[in-house]
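2 protein chains.
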Amino acid sequence: MSDEFSRIAKYFAPLAGEEGRGLTDDAAVLAPPPGRELVLTVDQMLEDVHFLPGDDPALIARKLLRRNLSDLAAMGAVPLGYLLTIALPDGVGEDWLAGFSQGLARDQKIFNIKLFGGDSSSSRGKISLSATLIGHVAPGAALSRNGARAGDGIWVSGTIGDAALGLQARLGRLADPSGFLTARSLLPEPRVGLALAGVVSAAIDVSDGLVQDLGHMCKGAGLSAVIRAGLVPVSAAAAAASGEAALETRLTGGDDYELLLAVPPGQGEALKAACGDLPVTKIGMFQAGAGVHVLNDAGAMMQFTRPGWRHF
Amino acid sequence: MSDEFSRIAKYFAPLAGEEGRGLTDDAAVLAPPPGRELVLTVDQMLEDVHFLPGDDPALIARKLLRRNLSDLAAMGAVPLGYLLTIALPDGVGEDWLAGFSQGLARDQKIFNIKLFGGDSSSSRGKISLSATLIGHVAPGAALSRNGARAGDGIWVSGTIGDAALGLQARLGRLADPSGFLTARSLLPEPRVGLALAGVVSAAIDVSDGLVQDLGHMCKGAGLSAVIRAGLVPVSAAAAAASGEAALETRLTGGDDYELLLAVPPGQGEALKAACGDLPVTKIGMFQAGAGVHVLNDAGAMMQFTRPGWRHF
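The listed protein sequences derive, respectively, from chains A and B. Under the numbering used here, think of the first position of the first sequence as 1, with each following residue one higher. Under the numbering used here, think of the first position of the second sequence as 1, with each following residue one higher.
Take these hints with a grain of salt, some might be off.
Which copy is meant is left open, because identical chains are indistinguishable; a pair holds if it fits in one copy or across any two.
Simulated pairs of lysine to any residue, SDA-like, Cα-Cα distance not exceeding 20 Å [stated by the list, open to error]:
1) 126 - 7
2) 219 - 290
3) 282 - 270
4) 109 - 99
5) 114 - 178
6) 219 - 9
7) 126 - 90
8) 282 - 266
9) 282 - 230
10) 219 - 8
If you are wondering where the hints come from, they were derived from the structure by calculation, not from laboratory data.
Bound conformation, chain A alone (with noise of 0.2 Å):
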């Protein structure tokens, strides 16, 4: 394995943008879009939790920036950049690395996007990954998850449950004939720019689970939430893998990064209008109470064993 100073030249100096100064500063120079607040948040991806080690480190890499990206979008946020951390054991070679550059390169266009700087070193664990994103809104404009009033419809963005019905089949427990479900596991689809302030009145990316990040706008808001699991949008792959357990795993299971909505009575229009070609669907609404009501076709209360998902 090359040193650590040869691998930042090599695979991440050709990433950074004029903000990074190569790589070879101690931190990166930001100039902020004049007039505009920073939007700013950090996840891991880390080994044996968020991926598994065989899988592609490019797909890795993609989902490390997608997942940050989609806290953006929750936000209303414009990305701007990344810093990156990577430790790697000493079992982790060059080919590893190539793959995982060559995934942040490719995300880094789709999502205009350059990375700002990072930390690297070796690791006597497994391997442990984070990206810091940084976005920009207009002033005061920033979406948050606890705004939800009481009479907004609860909507979502694109199908439900397909990332956690993925997982299952990457763990050989689900047919994925199409390979669907497996790709929107290993790749979501963060819904970055869509212009949301002023339609809705709270946002949250579905990451943990339907339910469980339903749950967080309901406590943020001091609402109960009432939807009706026939209304949560399904996509074809999914509907395939049918039954009960499958039903379980879409509404609580992680992994989405499909946004989740308030929006107040009389805007559906104007939010599916921001939205373009994104489907959007009203699955229930938002009330006086506390806590998240699933009904089923009948009308039913349904029970879930667990609310939500903690990883692997």
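For this one, chain A is given, so just place chain B on it according to the hints.
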């Protein structure tokens, strides 16, 4: 062990500035100081690489912040706040978290910084930590490690080599009757708050070892450096741990977090004025050529078995 959300609420939410939104949102929102540029840096601390399993968690927390604060100091930046990642294996309990968060709280007060956000996870390996520090500078005033010019003096703050000897003491290989060296290893003093812009032409913090970090400055500027070992400032405790091996450890050992500065001729007094009570010492000069040349008291070139320090 309590769950992730209870832990965040109990140990970390009290540390959050208003930018952190009580740590209940997807990201932090920061209004940058008007007209200032931001300086961003990230460093990891990993069990068995940067700290030992039995180390005091409060000191680990404080060193994590201070290593990053030292990077801000080397850029001439004023610290604002930080984001944190923390990954703990199952065996690490509430006592550790309580100590760790108390350490953060203590240094937040000392350095006037706040927690902006973070990510907490379980780990299937060892303890893994990182902090992303955010500071600010006047536009164009950020220092660089790459700006040295031929004829600039090479200056250092404080004393050099204490932390490397302190690590030897912690490993039982060296006597440290006063505990001074051990303390310098566990709790470095980042040299933040010095008005160095316009006084120095380049700056770096000594984290990898004096010789190696001086090598970074040389490479960045396309110059060589000549220093005299006998001029490198030594603490009384380090002087007591005498001998040629201790000298090499002092000059090549890491973790000092003193500043290494390129100072144009005639700026020595201005440097001393900017540093106030912090002693600064001229140890050599940048000149044409390449590489770092360390001369002993007889004026002969010293050879080292390793140029720098790559952690434990």
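Hint check results:
Taking the shortest alpha-carbon separations for residue 126 and residue 7, only the intra-copy value of 19 Å comes in at or below 20 Å, while the best inter-copy value is 24 Å. For the homomeric pair residue 219 and residue 290, the shortest alpha-carbon distance inside one copy (7 Å) is at most 20 Å, but the shortest distance between copies (61 Å) is not. Proximity of residue 282 and residue 270 under a CA criterion of 20 Å is satisfied intra-copy only: 13 Å inside one chain copy versus 66 Å between copies. Proximity of residue 109 to residue 99 under the C-alpha cut-off of 20 Å is restricted to the intra-copy arrangement: shortest distance 16 Å within a copy versus 42 Å between copies.
In this assembly of identical chains, residue 114 and residue 178 lie within 20 Å of each other by CA distance neither inside one copy nor across copies; the values are 33 Å within and 48 Å between. Only between protomers do residue 219 and residue 9 lie at most 20 Å apart by alpha-carbon distance; the minimum there is 13 Å, versus 46 Å within a single protomer. In this assembly of identical chains, residue 126 and residue 90 lie within 20 Å of each other by CA distance both inside one copy and across copies; the values are 10 Å within and 15 Å between. Taking identical chains as interchangeable, the C-alpha atoms of residue 282 and residue 266 lie at most 20 Å apart only when both belong to the same chain, with a minimum of 12 Å there against 71 Å between chains.
Proximity of residue 282 to residue 230 under the C-alpha cut-off of 20 Å is restricted to the intra-copy arrangement: shortest distance 11 Å within a copy versus 74 Å between copies. Taking CA atoms no more than 20 Å apart as the test, residue 219 paired with residue 8 passes between copies only; the shortest distance there is 15 Å, against 43 Å inside one copy.
Hint check: a violation occurs at hint 5 only; the rest are consistent with the structure.
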